[in-house]
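In the order they appear, the protein sequences are chains V and U.
If you read the first sequence in full-length UniProt numbering, its first letter stands for residue 1, the second for the next number, and so on.
If you read the second sequence in full-length UniProt numbering, its first letter stands for residue 1, the second for the next number, and so on.
Misleading hints may appear alongside valid ones.
What the hints assert, rightly or not - Below, in silico cross-link-like pairs of lysine-lysine (BS3-like), each with a Cα-Cα straight-line distance of 30 angstroms or less:
#1 U/Lys433 with U/Lys356
#2 V/Lys181 with U/Lys258
#3 U/Lys329 with U/Lys356
#4 U/Lys168 with U/Lys226
#5 U/Lys260 with V/Lys181
#6 U/Lys182 with U/Lys226
Said to hold, decoys possible - Derived CB-CB ranges, DEER-like:
#7 V/Pro136 with U/Asn236: 55 to 63 angstroms
#8 U/Lys211 with V/Pro136: 34 to 42 angstroms
#9 V/Glu96 with U/Trp273: 49 to 57 angstroms
#10 V/Ala88 with U/Lys211: 52 to 60 angstroms
#11 V/Glu96 with U/Asp215: 40 to 48 angstroms
#12 U/Trp314 with V/Glu96: 42 to 50 angstroms
#13 V/Glu96 with U/Gly238: 56 to 64 angstroms
#14 V/Pro136 with U/Ser38: 29 to 37 angstroms
#15 U/Trp273 with V/Ile32: 37 to 45 angstroms
Stated by the list, open to error - Calculated Cβ distances over 12 angstroms to all of chain V for the following chain U residues:
#16 Gln113
#17 Ala212
#18 Asp316
#19 Lys332
#20 Glu362
#21 Thr406
#22 Arg412
#23 Asn427
#24 Gln476
#25 Thr500
#26 Lys620
Derived by calculation from the structure, the hints in this document are not laboratory data.
Heads up, the beta-carbon is just placed ideally off N, CA and C, and yes, glycines get one too.
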Amino acid sequence: MAAADSPSAALRRRDLCSRGIRLAGKMRSDVISLLDTYVERQGLDASASVAAVEGVPVAAVEHWDEQGGTQRLLENLAAYRAFRTLLAQMLEEQREQLGEADAALGRALAAVLLQVSAFAYHLEELLRLESSRGPPSEEGAAAPAPPHLGLFERKLRGLGVLQELAQWAVRSARDLRQLAKLSPGSSSVPSPTESP
Amino acid sequence: MFSGWNCVAYGLCLLLNICYFEASDGLVQSCGHIIPESPVLALGSNFTALCILNESCLDFGNIYANQIIWKINNRVVPKEQYREINRTVSSVIFNDTSSLATLLTCNVLADGQIEQNIYGITVTLGLPPEKPKNLSCIVRQMSQLTYPMTCTWNPGRHTFLDTHFRLKYRWPQESFPDCIPKGANNSCTISDVQFFVNLELWVEAANALGKAESDPLVLDPIEIVKPLSPHNLSVNSGILPTVLKLSWENQISGAVMKLKFNIRYKIVGDTNWMQVPPEDTASPRTSFSVQGLRPYTEYVFSIRCMKEDGVGYWSDWSEEKTGITTEDKPSKGPPVWRIIDTSRSPASWTVHLMWKALEPFEANGVVLQYEVTVRAKSSLSSPPEKYNVNTTNLTLKLPNGTYEVTVIARNRVGASPPSVLLIPARNSKAPVKNVRTLPKDGKLWVGWTAPNSYVLKYVIEWCLVSNSSDCIIEWQTESGNVQGTYLKGDIKPFKCYLITVYPLYADGQGNGQSVKAYLQQDRPSKGPTVQTKKVGKAEAVLTWNHLTVDEQNGFIRSYTIFYKTIDGNETAVTVDPSKTEYTLSSLTSDTLYTVRMMAYTDEGGRSGPDFTFTTQKFGKGEIEAIVVPVCLAFLLIVLLGVLFCFNKRDLIKKHIWPIVPDPSKSNIAQWSPQVPAKHNFSSKDQMYPEGSFTDVSVVEIEADDKKSFSEQDLKPFDLLKKEKSTSEGHSSGIGGSSCMSSPRQSVSDSDEGETTQNTSSTVQYSTVVLNGYRDQTPVQVFSRSESTQPLLESEERSEDHAVGGDSTTQRQQYFKQSGGQDETNADRPCFERTKQVTPANEGDLVGFAQLQISGQSSQPLGLGLEKNTQEAALPDVLQASTEGQTVRPETEEGNPLSVDEMPKSYLPQTVRQGGYMPQ
Numbered sequence: 001m002a003a004a005d006s007p008s009a010a011l012r013r014r015d016l017c018s019r020g021i022r023l024a025g026k027m028r029s030d031v032i033s034l035l036d037t038y039v040e041r042q043g044l045d046a047s048a049s050v051a052a053v054e055g056v057p058v059a060a061v062e063h064w065d066e067q068g069g070t071q072r073l074l075e076n077l078a079a080y081r082a083f084r085t086l087l088a089q090m091l092e093e094q095r096e097q098l099g100e101a102d103a104a105l106g107r108a109l110a111a112v113l114l115q116v117s118a119f120a121y122h123l124e125e126l127l128r129l130e131s132s133r134g135p136p137s138e139e140g141a142a143a144p145a146p147p148h149l150g151l152f153e154r155k156l157r158g159l160g161v162l163q164e165l166a167q168w169a170v171r172s173a174r175d176l177r178q179l180a181k182l183s184p185g186s187s188s189v190p191s192p193t194e195s196p
Numbered sequence: 001m002f003s004g005w006n007c008v009a010y011g012l013c014l015l016l017n018i019c020y021f022e023a024s025d026g027l028v029q030s031c032g033h034i035i036p037e038s039p040v041l042a043l044g045s046n047f048t049a050l051c052i053l054n055e056s057c058l059d060f061g062n063i064y065a066n067q068i069i070w071k072i073n074n075r076v077v078p079k080e081q082y083r084e085i086n087r088t089v090s091s092v093i094f095n096d097t098s099s100l101a102t103l104l105t106c107n108v109l110a111d112g113q114i115e116q117n118i119y120g121i122t123v124t125l126g127l128p129p130e131k132p133k134n135l136s137c138i139v140r141q142m143s144q145l146t147y148p149m150t151c152t153w154n155p156g157r158h159t160f161l162d163t164h165f166r167l168k169y170r171w172p173q174e175s176f177p178d179c180i181p182k183g184a185n186n187s188c189t190i191s192d193v194q195f196f197v198n199l200e201l202w203v204e205a206a207n208a209l210g211k212a213e214s215d216p217l218v219l220d221p222i223e224i225v226k227p228l229s230p231h232n233l234s235v236n237s238g239i240l241p242t243v244l245k246l247s248w249e250n251q252i253s254g255a256v257m258k259l260k261f262n263i264r265y266k267i268v269g270d271t272n273w274m275q276v277p278p279e280d281t282a283s284p285r286t287s288f289s290v291q292g293l294r295p296y297t298e299y300v301f302s303i304r305c306m307k308e309d310g311v312g313y314w315s316d317w318s319e320e321k322t323g324i325t326t327e328d329k330p331s332k333g334p335p336v337w338r339i340i341d342t343s344r345s346p347a348s349w350t351v352h353l354m355w356k357a358l359e360p361f362e363a364n365g366v367v368l369q370y371e372v373t374v375r376a377k378s379s380l381s382s383p384p385e386k387y388n389v390n391t392t393n394l395t396l397k398l399p400n401g402t403y404e405v406t407v408i409a410r411n412r413v414g415a416s417p418p419s420v421l422l423i424p425a426r427n428s429k430a431p432v433k434n435v436r437t438l439p440k441d442g443k444l445w446v447g448w449t450a451p452n453s454y455v456l457k458y459v460i461e462w463c464l465v466s467n468s469s470d471c472i473i474e475w476q477t478e479s480g481n482v483q484g485t486y487l488k489g490d491i492k493p494f495k496c497y498l499i500t501v502y503p504l505y506a507d508g509q510g511n512g513q514s515v516k517a518y519l520q521q522d523r524p525s526k527g528p529t530v531q532t533k534k535v536g537k538a539e540a541v542l543t544w545n546h547l548t549v550d551e552q553n554g555f556i557r558s559y560t561i562f563y564k565t566i567d568g569n570e571t572a573v574t575v576d577p578s579k580t581e582y583t584l585s586s587l588t589s590d591t592l593y594t595v596r597m598m599a600y601t602d603e604g605g606r607s608g609p610d611f612t613f614t615t616q617k618f619g620k621g622e623i624e625a626i627v628v629p630v631c632l633a634f635l636l637i638v639l640l641g642v643l644f645c646f647n648k649r650d651l652i653k654k655h656i657w658p659i660v661p662d663p664s665k666s667n668i669a670q671w672s673p674q675v676p677a678k679h680n681f682s683s684k685d686q687m688y689p690e691g692s693f694t695d696v697s698v699v700e701i702e703a704d705d706k707k708s709f710s711e712q713d714l715k716p717f718d719l720l721k722k723e724k725s726t727s728e729g730h731s732s733g734i735g736g737s738s739c740m741s742s743p744r745q746s747v748s749d750s751d752e753g754e755t756t757q758n759t760s761s762t763v764q765y766s767t768v769v770l771n772g773y774r775d776q777t778p779v780q781v782f783s784r785s786e787s788t789q790p791l792l793e794s795e796e797r798s799e800d801h802a803v804g805g806d807s808t809t810q811r812q813q814y815f816k817q818s819g820g821q822d823e824t825n826a827d828r829p830c831f832e833r834t835k836q837v838t839p840a841n842e843g844d845l846v847g848f849a850q851l852q853i854s855g856q857s858s859q860p861l862g863l864g865l866e867k868n869t870q871e872a873a874l875p876d877v878l879q880a881s882t883e884g885q886t887v888r889p890e891t892e893e894g895n896p897l898s899v900d901e902m903p904k905s906y907l908p909q910t911v912r913q914g915g916y917m918p919q
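Make the full structure from the sequences, and use the hints.
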């Protein structure tokens, strides 16, 4: 927290929170849009809901409001690092499956992947400001090797990843907004009503 | 260029194969090589090249490094730049590579004479890349999810080398593949960018001589977005007539950025846009109500957006959409004016009311009709008359008086406020002064000086003055606080406008003040046609007609008359434009002049057709001064001639009109004893109806009596007398029968004729006396003719002696009255006649008259002058002679003449003009 005491650090933190919130909002918007495309292209039912997918972090949490800032950031970072890996796998699988025939889906996946990476960067920067230890190493959180799944299972898992990512986008926006409230000069942070 | 040099180098290499030898392995090897091989050099840098000879060639060709010659494009490099490092290596140094050409060759002089090429290299010159500058980027939204970013930079100077540019960008934790420009070296487009993360961008330029990078640009792409403009714009009219509601859709997600907007609008047909205040549209929205619009007006709307905080770029303007506001009641009454025609009857007006259709922004809808109310101010008791019309004019016949006219425009929503026009019985108020015009900015400005009284408003009338069309009045109203305005209408250049300004007061109006004006003047379209009205010797009066208004094209400021002779200089005279006549003076007489005339406006002049005239040779009165005296002189001469002729008329008569004897007056009739009884003709009674000759006295004059005249008196007439005697000889008259004789009626008595011939040996004639001459019935009297000559010819000759029918007539009358005096001398009546006429110098002629009477009584004297003198002298003479003498002819008729006397009367005359030739 010491790093956050300086004015520049506070500005940096506020800027990171603000843009993180916007990025989360755009990410959610894009993921929602991608979900429609994905369901359509993969031949899935739009109403299909995947209860839980192994390896996919869950956004829902109990006692959310009791969490501290760093904890929130760490959970978010872990989730997005996981999503980054999962989305990369999905992109690879999608390319293998559809080749260049469905470039739009691939571009949308790549865009979401980039946004996940960008958000992870935001979280890492915030963690550097929040904690002197900085973000944890990614090696420890390395995702396990993808299990050997069938095609349909992969499609379902992809659907689960996107649905959960959409949930995380909402949660992340709230986490960052909560984080911004704790810091002084948070006026520039968008209000909850403005957030998507 | 480079390819050309390469070809040359290649050719040289082929030609110089002698410096190559076949190696044992079968490949062709050169005797040396250059280091470095095909270098790329920076312009202006130093360069050193080495030519290394193969050891094998040393022995084979006796070629050593000291024989090496360096050439650039076949131009020998100065030896100062050479250096022999050892016996196989030679170097050359270039301090400035900018002088270095493409091809550098190493050559040797074999056997000291033959130059042979050893090796050649191609040198490439260029510049290292500069650091790219001014890197900037923009994200142009292409679709709802596509945000390509285009970055541009300044690539720097031209390097003359193949230089590659790369746009590099990365996130702090992640790098992206470079963006490589396609077809350009100063821009590159990244297909998709992610927002809300700072992106570091820079440009790297690289070529064979080096690499350069621009300064990095760190930005969040969301800050450089140019979003797509809102679309699906729609315009809906609201409840209020001044409001339109706009709706649209944004093409960028609110999750990406929040937007603010600009809304612009204009009336259809206008060019200038109006804009909704930006602060009203600074927040995200998809609709907006534009207020303060005009009712029943069609507007065009357009909208654009950008990031709410103003960071980034405005989008393009959206497509334009139109909407129309609803109607409202007219905001004002139509301007109204009148034209009063009093030509038919002074007591009755024909009033043409006219009003202007309201402007759309005043009408606020479709005007359905106008309500016109005319109220006579003089008789307040009479109700106002109302008219509902659809047009903008109304013609009424009204008695002379003061009226108040009210016009109301009505549309679907309601009625306008009334427009009131007061028509006074006469314009008795103060008029405006100093009406003037000024063309300005392609329009015609009219100014005036306001009267002292408060003016409600002004009416400006104008019309185009033309010969080809009537003056169609246009008008406009201006408020009372202005003193000038532009004419609102299609004012054409080069046309004359008559502009009248009327001041309208609350209780009347002033007389109109007029002025003529042109928006723009030009030269006249033609010049005046000049012609002469009168041409004199040294002056000419020129006349012309004014140009018509249509031909003037401006105010005619002056006329200039140019005139010249054929070979003379042209003279110009400036004439006042009001004149239509001018007198050229000091002209040369009898000279052909060419004259033309130019009419000038402020913009120049134009000449009319040439007209030629010739001045007169004589001035006014000169001809009269010559002719009149000549005529007078002629008249004088004629008069003198007439007088002379009159005085000599007898002589002239003798020569021109010889007397033709009238047979009816022949005296021979008197010889016949039977005749007297036959003489009593009524014609004679008619001639002398009163019987005035109541008494007859016969005078006999003896031939010898002439002696009674003094010799002195006779002398002057001797010659004349001789002539008369000779002329008497061919007279047909016998014994003075000088009067008319008729051949037809003269029947000669042969016996008597013989006697006469015997007596005189001359031709004797009988004379037939006819009592009717001309208007008298001829007397059927035959007298004896003593002549043997043809009677007619003698009569013709006798005309020379004729005195006149009157004398004869008188004589016969006398005979008749005297009761058959056959022997009456034929000459007597002649004397009596002359006695009656006379006026002349008696004294001079007394002797002559006596001579005539005594010596040649039977013959009338040939010249009138003589006769006159005789007549003048006669009164006294006759008095004397008649008393004591008888008339000789009577004696002659009764008794033949004596021998002495006969030749005087009957001898043939010598031939002369008009004379008698005996046969």
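Now the hints, each set against the structure:
Pair hint U/Lys433 plus U/Lys356 holds up; C-alpha atoms about 26 angstroms apart against a cutoff of 30 angstroms. Straight-line distance between C-alpha atoms of V/Lys181 and U/Lys258 comes to about 22 angstroms, which keeps the hinted pair within the 30 angstroms bound. This hinted pair checks out: U/Lys329 and U/Lys356 have alpha carbons roughly 17 angstroms apart, not beyond 30 angstroms. The hinted pair formed by U/Lys168 and U/Lys226 meets the criterion: a straight-line CA distance of about 22 angstroms does not exceed 30 angstroms.
Distance restraint check for U/Lys260 and V/Lys181: the Cα-Cα separation of roughly 27 angstroms lies within the 30 angstroms cut-off, and the hinted pair is therefore satisfied. As the CA atoms of U/Lys182 and U/Lys226 are separated by approximately 23 angstroms, the hinted pair is consistent with the 30 angstroms bound. Remark: the range hint 55 to 63 angstroms for V/Pro136 to U/Asn236 is upheld by a beta-carbon distance near 58 angstroms. For the hinted restraint 34 to 42 angstroms between U/Lys211 and V/Pro136, the CB-CB distance of approximately 38 angstroms keeps it satisfied.
Taking the beta carbon of each, V/Glu96 and U/Trp273 are about 55 angstroms apart, inside 49 to 57 angstroms as hinted. For the pair V/Ala88 and U/Lys211, the beta carbons lie near 32 angstroms from each other, so the given range of 52 to 60 angstroms is not met. Separation of V/Glu96 from U/Asp215 is about 41 angstroms and conforms to the stated range, judged on CB atoms against 40 to 48 angstroms. Between U/Trp314 and V/Glu96 the CB atoms are about 44 angstroms apart, so this pair conforms to the stated range of 42 to 50 angstroms.
For the pair V/Glu96 and U/Gly238, the beta carbons lie near 58 angstroms from each other, so the given range of 56 to 64 angstroms is met. With their beta carbons about 55 angstroms apart, V/Pro136 and U/Ser38 fall outside the hinted range of 29 to 37 angstroms. U/Trp273 and V/Ile32 have their C-beta atoms about 39 angstroms apart, which keeps the hinted 37 to 45 angstroms range intact. Non-interface call for U/Gln113 relative to chain V: holds, since the shortest CB-CB distance, roughly 71 angstroms, exceeds 12 angstroms.
With a cut of 12 angstroms on Cβ distances, U/Ala212 stays outside the contact zone with chain V, its closest approach being about 29 angstroms. Residue placement check: U/Asp316 keeps its beta carbon more than 12 angstroms from all beta carbons of chain V (closest about 23 angstroms). The beta carbon of U/Lys332 sits about 49 angstroms from the closest Cβ of chain V, which is more than 12 angstroms, so the claim that it is off the interface holds. For U/Glu362, the requirement that its beta carbon stay farther than 12 angstroms from each beta carbon of chain V is met, with the minimum near 47 angstroms.
Listed as outside the interface, U/Thr406 is consistent with that label: its C-beta sits roughly 61 angstroms from the nearest C-beta of chain V, beyond the 12 angstroms cut-off. For U/Arg412, the condition that its CB be more than 12 angstroms from all CB atoms of chain V holds, with the nearest at approximately 46 angstroms. Every Cβ of chain V is farther than 12 angstroms from the Cβ of U/Asn427; the closest lies at roughly 74 angstroms, confirming the non-interface assignment. Its beta-carbon lying about 58 angstroms from the closest one in chain V, U/Gln476 satisfies the requirement of being farther than 12 angstroms from that chain.
Interface exclusion of U/Thr500 from chain V stands, the closest Cβ pair being 69 angstroms apart, more than 12 angstroms. Distance check on U/Lys620: its Cβ is at least 113 angstroms (rounded) from any Cβ of chain V, clearing the 12 angstroms threshold; non-interface status holds.
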